[in-house]
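First to last, the sequence lines map onto chains X and B. Going by this note's numbering, 99 is the number at position 29 of the first sequence; the sequence numbering is gapless. Going by this note's numbering, 689 is the number at position 104 of the second sequence; the sequence numbering is gapless.
Just so you know, these hints were derived from the structure itself, not from any lab. Careful, some of the hints might be misleading.
Taking lysine-lysine pairs in the DSSO-like style, the calculated list, with each CA pair at most 30 Å apart, reads [claimed, not checked]:
1. X:Lys174 with B:Lys609
2. B:Lys591 with B:Lys629
3. X:Lys117 with B:Lys609
4. B:Lys629 with X:Lys143
5. X:Lys163 with X:Lys174
6. B:Lys609 with B:Lys629
7. X:Lys96 with B:Lys591
8. X:Lys117 with B:Lys685
9. X:Lys174 with B:Lys685
From a predicted model like this one, the values you see are computed outputs, not experimental measurements.
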Amino acid sequence: MKTQTLDVFQVIADPSRRQMLLMLSKDSMTINSLAGNFNMSRPAVSKHIKILYQAGFISVTGIGRHRYCMLKKTGFDELQHFINHFDKFWTNKLGRLQAILNSKVK
Amino acid sequence: MQNEIKQSWHFNQPPQEVWDYLTKPELIEQWLMKTDLQPVVGHKFRFTFEAKPNSKYEGVVHCEVLEVIPFTRLVYSWNGGTMDQSRTYHSVVVWTLVPKEGGTELQLQHDGFEVLEDILTHTEGWKSCLKRMESALT
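Could you put together the complete structure from these sequences and hints?
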């Protein structure tokens, strides 16, 4: 199944994938146990996992015959970066507003 | 992990005067962006700015006024695309004006990043996961 590369926002916009991340935030899980929580085909689950993996939200490691999914920091860092960007944006703009208003005080 | 933006600024002007700078386009343009904002609930408006030439960035933020309490509180949605225009986001900007020491304390809250919230609030969970993974690997 072809999986296009999605950005972090598209990745977590999908309810099933959000649910998977929330479950993995509590503990690492095998692909099988993850799949058991969803009413979808195993290939569909695999596709979601692949997307999460490609976007850096999870890592998948094989231990014996089991493949474990674990949360990974990379994907989350990109979201944090976005929030930080806006924080700086407002600091910059409100600093300008303050300069304007201060200059009005005679 | 931070999942909202909160800032607080003090101005020497009373709330009535600061309010004008949040609600009158010709004054907003001086410090923020060009806009056709009107402080009327339900009014849809935009902030626009010059994107760099050759940039894919459309330079538009799409907004709708959600709440207006004159001189006290202004809320609007803030929806746009990221710089490379590869993704969109939804969020909410809340302005609160509090009279203080003859001037105004202007509080800004920018949050409700729709696609982010439930993920970011679970950050403690993934931190402990990473620790577990670390100890499992060493």
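Hints, verified against the model:
| no. | hint | in the structure |
| --- | --- | --- |
| 1 | X:Lys174 with B:Lys609 | holds, 17 Å |
| 2 | B:Lys591 with B:Lys629 | holds, 24 Å |
| 3 | X:Lys117 with B:Lys609 | violated, 49 Å |
| 4 | B:Lys629 with X:Lys143 | violated, 37 Å |
| 5 | X:Lys163 with X:Lys174 | holds, 17 Å |
| 6 | B:Lys609 with B:Lys629 | holds, 15 Å |
| 7 | X:Lys96 with B:Lys591 | holds, 28 Å |
| 8 | X:Lys117 with B:Lys685 | violated, 55 Å |
| 9 | X:Lys174 with B:Lys685 | holds, 19 Å |
Hint compliance for this structure: hints 3, 4, 8 are not met, and every other hint is.
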